[in-house]
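K.L.:
Just so we're aligned, residue 0 is where the sequence shown starts under numbering that gives the first Met the number 0, counting upward by one.
Take these hints with a grain of salt, some might be off.
[Said to hold, decoys possible] Label pairs and their calculated CB-CB ranges:
1) S50 <-> N181: 20 to 30 Å
2) N1019 <-> R905: 37 to 47 Å
3) M783 <-> G955: 24 to 34 Å
4) N1039 <-> S966: 16 to 26 Å
5) L242 <-> D222: 34 to 44 Å
6) S257 <-> K404: 28 to 38 Å
7) E705 <-> K579: 53 to 63 Å
8) G460 <-> G819: 53 to 63 Å
9) K135 <-> N181: 19 to 29 Å
10) Y443 <-> N284: 31 to 41 Å
11) L242 <-> Q286: 25 to 35 Å
[Said to hold, decoys possible] Mimicking BS3-like on lysine-lysine, the simulated pairs with C-alpha atoms at most 30 Å apart in a straight line are:
12) K264 <-> K324
13) K303 <-> K335
14) K282 <-> K135
15) K135 <-> K155
16) K404 <-> K505
17) K211 <-> K324
18) K128 <-> K211
19) K1071 <-> K895
20) K833 <-> K895
21) K1071 <-> K916
22) K866 <-> K775
23) K1068 <-> K878
24) K866 <-> K878
25) K282 <-> K264
26) K579 <-> K504
Simulated from the structure, these hints should not be mistaken for laboratory data.
Each residue gets a CB set at the ideal place from its N, CA and C atoms; glycine is no exception.
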Amino acid sequence: MAKNTFTPELLEQHFTKNEWKKGTRIFQAKGIKTCALDGETIRGVVFSERSRQVGYLTRLVFEEKQGDIASYCDCYIGRDCKHGAALAQYFVDEHFDYNSIASSEKIVDKWLTRFQAQPSRYQPNSQQKSLLYFLKPNSYNEDDYFTLGIKSARPKNSGGWSHTLGSEYSASSLINSAYATNEDVGVLTELIRTNQYGDNIKYFDLFARIIKTNRCFWQTNYDLNDAITLGDPLEAQWQWLALGNHLHTLQLVFMQPSSSILIIKAQPLCYYDEEQNCFGEIKTNTQCDFEADLLNSPIFEEDKLPWVMSKLSMSLGDAVQRLPKPKTEFSQELTKPEVHLHFSTPAEANPQSGFVRVNFSYQGNLVNPHNDSVTVSPANLTDSDSASKVKLYRDLSFEQTVIDKLSTLKFNVQPKPKRYTFTNEDYLNKDKVPKFSMLMQGRYAWHHFLHQELQVLKDLGWHISFADNFYYKALSTDSIFDAEVIETDDHDFFSLGLNLTIDGKKMPAFPILLGAIEQLPKSALFDRDKVAGEKIPLIAPDSPIYVDLDNGDFVALRYQSVQPILKQFIELFMPNALNKDGRMELSRFQGHQTLSMLDDQGMIATGTSKLRALADKLKNFQQVTTVPVPLGLNATLRTYQHQGLNWLQFLREYQLNGILADDMGLGKTIQALAHLLVEKQQGRLNKPVLIVAPTSVIFNWANEIEKFTPQLSYQVLHGSKRQQHFDCFDQSESGENQVDIIITSYALIIKDLEHYCEQQFYYLILDEAHYIKNTKTKLYQAFMALKAQHKLCLTGTPMENHLGEFWAQFNFLLPGFLGGQRQFTKLFRTPIEKHGDHERKQLLNQRIKPFILRRTKDKIATELPPKTEIIQKLRIEGKQAELYESVRLAMDSRLKDIIADKGLKRSQIEVLDALLKLRQVCNHPKLLSLEGAKKVNQSAKLDYLMETLPEQIDEGRRILIFSQFTSMLALIEAELIEAGIGYVKLTGSTTKRQEVVDKFQGGEVPVFLISLRAGGVGLNLTAADTVIHFDPWWNPAVENQATDRAYRIGQDKPVFVYKLIIENSIEEKIQKIQQNKAELAKALLSEEVSDSKLSLTDDILTSLLAPLS
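Given these sequences and hints, build the entire structure.
P.N.:
Next up, the structure:
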């Protein structure tokens, strides 16, 4: 143990501040008498603060397991006291000094001085007393261990010691005396530690330590000028001494006998040579720990010697073989017997239990351990001549070792029947012999023993036999599986069987694997690095897993062979996982994972040609065939969008369904429309496509179709008059579709479900597919009832809260692919969400990877332009549309009267007021001051905003929302509060502008509400990457300035700009005017009325006041 184990920090941290402070006081007063490092212990004597005549034996022990120290003291406190703290500070002062190089050199110099002179014998101060040690025989029993006496004396000037000896002292008092040297402290400490002082001293090492003080004397030798010295070891042998009359005793004989040598009992044995006045060790032919007891050998009768030798073998073990054989009339032989084990099952055929009968064979004669005799009867010897000359005595030590070995293997000795008195003669009548049996219970214990331990016993040469009724049998297997795939009538599934060769026969492996699962802990397949707070025992790769077969047969499988199969086919953990043939029915969409695992494990699989074609495509779906962009697509697809088209074509080719989960704004709509255009041009679009979307965006689909794929015909089924267009489901007389695409909303699909259920669709596309995340709703059940050749989900947030939502979408797309909901929860959701199981999450990712395509904005940032503008057209409906129409009619009637009276040019104020009211209705009816409008709580823009904001925030977007109406910002603010979305707001009344800006820039909130007038210029908001213009502004340059709060120097992310426009409303019409007549648009969209004249014609006014449809 290096001194660096006891670091200053470790020592100081162990004690309380109060005790450390008290220890400092003792240390500074030079209250430490001795201090020495002894292995893992610092030992020392620390004086009492009250008296230098009192000292305390103190120890600091390093405890490696705890990484801490323990402090002990023989003061009244006992532990962690001020004396320990003082000793610690003394040790630090002696061994650690970091103040300067000079101090380090001082320590080195101090150490080097130890080598300037040879060590000298002890030279006491003539004025100071010293301790003398006296060895003496035990006064009560001279054959027992020696004892020690300690007295004090002053040295004489002429040499030697004064015969005026002090009284004999106790070790605890001597250790504190002023004249106990460090050498004495070491001896006294050891005496106290081993409790030997004043009693028997049992160890030669302690004798030697005392003698090395040069102050140790033989008690009967009163020449205090001659201290005992250490002599060389003497050799001796144990011999049997024949005393006559068939009596024997054991005696120690020196190789060089001397009458002056006295044998001293110790471990090992010692001697004292009175002539040489020296003390040394005795080397014997046995060198065992019991030699001191052999000195007291009694006298034995000759016929008792076998019994004696057998008993000695139990204590001395192999050392008894080194003892000489006594010379007797009979040849006494000790031989190791052969071990015979016979295994059987109880008569009641309890397979959990089994017995082993133990016998030992001595030269062919079986001996039952129940027999107390130490010899094998001559009657048992087959050679009568040998029987008259030889006595065999049992090796009881070896027999006990065998029984102990079986005990460690979980066998328990069965008690000997009390009614038997067992004698040698009983061996002649085998029926009278009670068998020595050991019982082992538990199936696993027997499996482990027969598989792993039995061969070890055979290798030791033990004889093994089994009764005919023995229950268990270990069958052999190489744990190598092969597979067989069968295509089922249901093309969405395939049947998989695994086989395992056991004892040369092929057997279905899945049922065996089910048995393996029962033997594994529930956490066996968890990712152990991620299970929070749990200590899960690791299973070694070569660990056996024991599986019961029929009638006691069992097989041991290697865990490393089983684990990858169980990880892949986790469905085995569910009830009824196998069919009647012991095979698994798996979704064909799992084929890529299944075959990949079989290949990785080197399993030979048959019948996989069709499945492998699909599996290879799924495994390498990133390399799907490139499809040309369809002619007539009025857009240029970016690289990632073209890859999305390729992926959609791949899914269609293999009759698969999936989720296109790109971030919002990356063009999921254009990718889906390009895909449908390819289908039409290739002649495959022979049935209509049904697109279901939130109400706020259904007309956006119509606009995108007209803009990008005008070759595709469509029909929007929406509004109260939608039934008039239900004939769009029908085909024309020529067999063609009335329309290519039917668009409706989630809100209406349930109301019109019976019409949709009658149809067979080519594609069923769900936009914002997280609407079907709840499987218990009528909406979800409605979609499960619809029939479509292909299905596609579009969503930027396939999972918002938990994995159950994820399962819902895949269950709609690929029923059975992820199992039932309960199965999915047990196998995936619970392990991933509650246990953080990384491996299970990885398995789920691998399974779904081919069927979900997700690109985030940051992943494809290099493909995106610095700024993307999106005109998001929305349609108002219901009471909001009715209010718009009511205001429009009122304004139209009023303006006609005013214009008729004053003329158009002089009616500027009234025209602008009318247009403002219509613009306010487009935002939210509550912006109007009309009492009736306050009761209309419906806004297409606000609904769209609150539908898309959570998705964008989940994607990590930072969003600016501009409006020219502060009252509109207030309404948005209320919705954000209700939704629990963090925000800041900047209007003309905001006083702490910089504080608000810093809060957004610092990432504390994701949304910034800004009044266009107050925050359109002068702000640096590069933390934002999304800008939403809630309402249009008269001057595009001002809108651009507002956008540039985010899109400016320092912005390192692509910026998306959304402009919300109500379709067919005054907003859309002014937007068209804005492109050509900027001054007119400025006047129409400004809240200020200037003296400048409106260049407004009757035709333009009529257009502005036209109805919504």
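K.L.:
Okay, which hints does this one fail, numbers in order?
P.N.:
The structure conflicts with hints 6, 10, 16, 17, 20, 22 and 24, although it agrees with all the remaining ones.
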